[in-house]
Amino acid sequence: MMILSEKSKNDPSAVLYRRCTIDLDSQAVSFEDVPCRNLEDVMGGFGRSFQMLSERKIENAYCRENPLIVNTGLLTGTSVMTGLRAYFSAYSPLKQSNKGLPAAMWSAGSGNFGNKLKWTGIDEVIFENCSASPVYAVFSEGESGPVVELKPAGHLLGLSGHKKIMSLQKEYPNAHFAAIGPAGENYRSVYMGAVILSTDNQLKSGEPKNRFAGRGGMGSMMGYKNLLAIVAQSSDKPGKITPIMRDVNHDVLKNGGSARFQPVSQGGGGGTWANIEVLQAFHAVPMNNFRPKNNDEVEQQFRDHVEKEFEVVSEACYHCGIRCHNNLFYRNPDGSRGPLAAKYDFEPLILFGANIGIYEPAQVSELIHLCDQLGMDAISCGSTLSYVLDYNERHPEKPVFNGATFGQFDAIKALMEETGRGECAEIGRGVKRLSEQLMETSYAVHVKGLELPAYLPETNPGYIFAIAGGHMSMGTHMLYAKEGKRSVDEWVQVITTQGLLQVGYDMLGLCKFVGVGMGHDLIIRAIREATGLDFTSAEIVAAVRRAYLRGLALELRQGFEDVEYTLPSQVMDNPNSNVTLPHFITDEFIAQLKQKVWSVFLPEMAGLLPDPDEKNEK
Amino acid sequence: MQVTVKLFASFRIKWFKEATREYPQGVEVLDIVNEIGIPVNDLGIALINGCHASLNDKLQDGDIVSLMPLIGGG
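Residue numbers (my numbering), protein chains in the order written: chain C, 1 to 618; chain R, 1 to 74.
It is worth saying that the hints were derived from the structure and are not from the lab. Mixed in with the good hints there might be a few duds.
Each pair of labels, with its calculated beta carbon distance range [claimed, not checked]:
(1) D304/C / P39/R: 19 to 25 Å
(2) G532/C / V40/R: 33 to 39 Å
(3) G407/C / E18/R: 28 to 34 Å
(4) E18/R / E397/C: 43 to 49 Å
(5) P339/C / K17/R: 29 to 35 Å
(6) E28/R / S442/C: 40 to 46 Å
(7) K17/R / Q595/C: 42 to 48 Å
Just so you have them, the derived chain C footprint on chain R, three or more residues with Cβ under 8 Å [what the hints assert, rightly or not]:
(8) 10-19
(9) 46-56
(10) 63-72
Keep in mind the model is a prediction, meaning the values are calculated, not measured. Backbone N, C-alpha and C fix where the C-beta goes; we use that ideal spot for every residue, glycine too.
Just chain R, with the same shape it has in the complex (with noise of 0.2 Å):
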């Protein structure tokens, strides 16, 4: 299945902005953040669709991931 994923900030900047990718059917937002190489603790917020999603939310075919780092500080 095709999931588009996002990426922002240092994630962008280190990796890519954006792709779209062929997965296995269940796969979870903490095998895609593995893959990329993003490290967990690095890891703020998670997306799916626009909705926030945890590490072992399973993703469907079409859905947009996005994954931003840790925020913090004024």
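Just chain C, with the same shape it has in the complex (with noise of 0.2 Å):
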């Protein structure tokens, strides 16, 4: 990245970034620096990716003119605490409107694989095609500037996203990797494939400790296009650690956002896990298919209950202070502390542990740690395996694939080892796919086709503007349990101002665990200090303003319709009394949400997007 200094900090042209286009059919590569447009462009991440994006013509996910691109943010590889994030985008095989055409999806991922690739000197890759043979990209520092190859990558094919990125360490000291899985080389049936990122702790343990890119399928579009991992390999160039930055990093550490992450030892809360016993108070943690029951088998998953069988590690990211990781390890004979067992976080703990009926803490750690090693979202998984149990609890007669139910841990991990392994397609294409096939939607737990979290769709309408994922693209998912808001002008509020503004960590590079709002003085210091860039407040939420609803328009462009703004039918239809929060989406909720909330939206996002015919013609 390149700041022209004859021009006005605060001028978007004054930015010029590196761009990598590589043709993995003809491995031609070139390099441009490319003026930034707009202040989203300056940002970076989605906000950059999805105007390039939006000049194509998609119609099929799997198809050549499809590009993936992987690209950082602005503070990614800066001195910025958590300022470490790499982006991937494209259209997505996963996320498509009833019209049939993907959605753009971006999924962003921690570790030090975003940093190495931007002091490589690059600060975008756009893959384009595909390649004949299986491949890795190498991106490394030349004495004239960054240097790429791609090598062949047949000895990868079939090993996990971890023994791929050790089997590439050994050749590439002083790198970080992105890969796929098994689950991104059977593309063809798994649309939910993830990007596995290494981390500093993986490599230095050599235990899968990684990090991932998961939503949309990312990983199953490095597969289509036989991209199996990507190397960046470069000498660590963090900024300088200015007074001024070490105020800006304190301030990262010690702002309430981030210190509930923080272990409970420190004075946090103990992480996201701390989440489960906050909900559980409303009886909100999903059971059984997003299903809570009214008793109290989730506290077999609280922290204490867990550390009586487990060592539970606090770890974190590269120089990250906020040590959100809960590792869980398993205990030798001797008290001592064993081999990793799995990564405890809220989302797969409780997605392959009390949503399908599972509740021992050492069963739960094994699916996770099956579905991270297969490359899969853990989120799309879970949710797709928790219908599919839920359907045949209800369909005893007839059931499907291998009749598994809730709490059947045998058969359950099974059928995710074959999603995994590209063999049972109608899992691994998703909820939406399945629930449509077997006729039984209304406890299809997905908005516009992407498997939704695990937070309750009873307490969260935001979902339905969600653009890129139900709780990373839209902040509203613990409001009802926070403040017990249920009017819709409450929710339109909240939707329309500060739940979308949750979208610019994926433009800046930052982690969303910093925790304050886009607006906040904290945001424009880190910017100031680590780029000499100056924007006022309100520039940056405009920006990611316009590239959230830049992003809604483009699904209206990909046939997206009223009727998919919506939550999984059961919500309205029969809502559970063992929530005991109030009951308050209704269907008629919904309708008075959507009608004022597109009142707000529609006239902003005129004009946000380019004719992609127009771009085609050129």
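Dock chain to chain to rebuild the complex, using the hints, since each chain is given by itself in its own frame.
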């Protein structure tokens, strides 16, 4: 990234980013320094990639014209704490409108890959077309700029993402990696393949402590392109820690938004794990396919219960002081720490635990670990499996697949394994397609074809307006439990002002666990100190808003219709009386909410998208 | 009057799970938070008899007040 010193510090055109385009078919590589068109380009991440995707008319995710864009954010690779995100964007094989058109998606991941990519001198990579044979891409620093190589990857086929990474590490020291697992390789029958990102902890310990860019099947897109891994090899170039930057990072660590993710022993809330206990107070923890029961079985997943059997270690990404990774280790007979069991974060532990009727921590760990090894998105895999179990419980006379239902660990594990290996396309293509095939859609827990995370849909009508994953692109998922608001106007207000700004983190390169609003002074100070650029809070918020609305406009252009902006019909038609929070989402509520939200958004969306036909003709 | 206080998650680990205590008439949620020693900025959710409450809500004899830390993330 280059900033022209002769221009104003708040002029987007002063910023040029380095783009590398690779034609996987011809293996041609080109570089260009691209001037930013607007602040969304400057901020980066999906703010930039979605502008590029909007210039293409894509009718099938698995087509050669669908690019895979790998990029970073403005603060990735800087000394701002958590500034290490990488983004993977494309038209998604998983999220698709009823008209059959794929939605634009992005997925974000931490680890240290994003930093390393940026430190090679590249801000963005566009993978065009498909390779005829399996390859991996290597980006490294050369004497006169970044160097790119495509190398045969046949020897990596069939390996888990972790094993691919550990194999490549032997050849590429001082590098970090993005890879796919068997799920991504079997992209034809698995649309929920994740991108697996290496961490320093993984490379040092040899244990599978990965982070994931899981949502929307970006790993499946890598598989389609025959791109099994990406290597970013560079010396470390974190920015200087100036006194101002030290203050910024101190504020990142100490503000209330991030403190809740710190270990309890450090005065924090214990990470996302703590959410279980709070949500259980309302009987709002997903159980048996998002239908909480009025019992205390979930308490077996409380941290102090799990610690009786496992050692829990809080760890962090590269140079991050927010130790949000809760890694579970087996205990040796002598009481010492044994091998890693799994990463025990909220989503996987609920979706492979209570939501499928499994409560034994050792079994939950085994399923989390297996899903990670296969390289599937835990949310999509977990929510689709829970649907299968629910269907089979409802149809004992005519079950599907192996007949698995809630709590049947061995049968569930077998289904997961088959799915990740590409042997069960009905599950691998996600819950929307499966439920339509089985003609029982009311309890298929997705919105617009993307499975919902482990927060009940009856607590969050904001899911309807999430553009790239229920809770990662609309920050309203715990609002009901926190504040108890349930009027239409309150939800309109939060969706149209505060919730949508969540996506700003997926532009800047920061982790959402920083936990402050996009208009916060901390963001402005971080940008100024790390880059010298000087944008106001209002400019940042406006750019994030435009980027979000561009994503929403892109959904409409890809054929999403009014009927698809809704929650699973079970929420409205068959409220769960076990949830102690009052039921408030009715068909009428949703109709009013949509009418009011669209009346705010639609006028602002005008003119945000280019005409793709015009671009295609060029 | 008697008020039952229930603490959750990190609050439960740091202080106690449940206790029924004597308080003067007119006691507010904030008074109880301060008495326990919970930093106000760490408080995420307060409920009175299962309904969301604010710090200045007054309690009645026999009420159950639930206090929970900030939650977030995914």
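Against the structure, the hints:
Between D304/C and P39/R the beta carbon distance is about 22 Å. The supplied range of 19 to 25 Å therefore holds. Between G532/C and V40/R the beta carbon distance is about 38 Å. The supplied range of 33 to 39 Å therefore holds. Taken as a hint, the range 28 to 34 Å holds for the pair G407/C and E18/R, whose Cβ atoms sit roughly 30 Å apart. Separated by about 45 Å at the C-beta atoms, E18/R and E397/C satisfy the suggested range of 43 to 49 Å.
For the pair P339/C and K17/R, the supplied restraint of 29 to 35 Å holds, since their beta-carbon distance comes to about 33 Å. Checking the proposed 40 to 46 Å range against E28/R and S442/C shows it holds: the Cβ atoms sit about 44 Å from each other. As the Cβ distance of K17/R to Q595/C is approximately 45 Å, the hint placing it in 42 to 48 Å holds. Only residues whose beta carbon comes within less than 8 Å of a beta carbon in chain C count, and the region 10-19 of chain R has 4; three or more means the coverage holds.
Coverage of the region 46-56 of chain R by chain C holds. Counting CB-CB distances below 8 Å, 4 residues qualify, and the rule asks for three or more. For the region 63-72 of chain R, the stated coverage by chain C holds: 6 residues have a C-beta nearer than 8 Å to a C-beta of that chain, and at least 3 were required.
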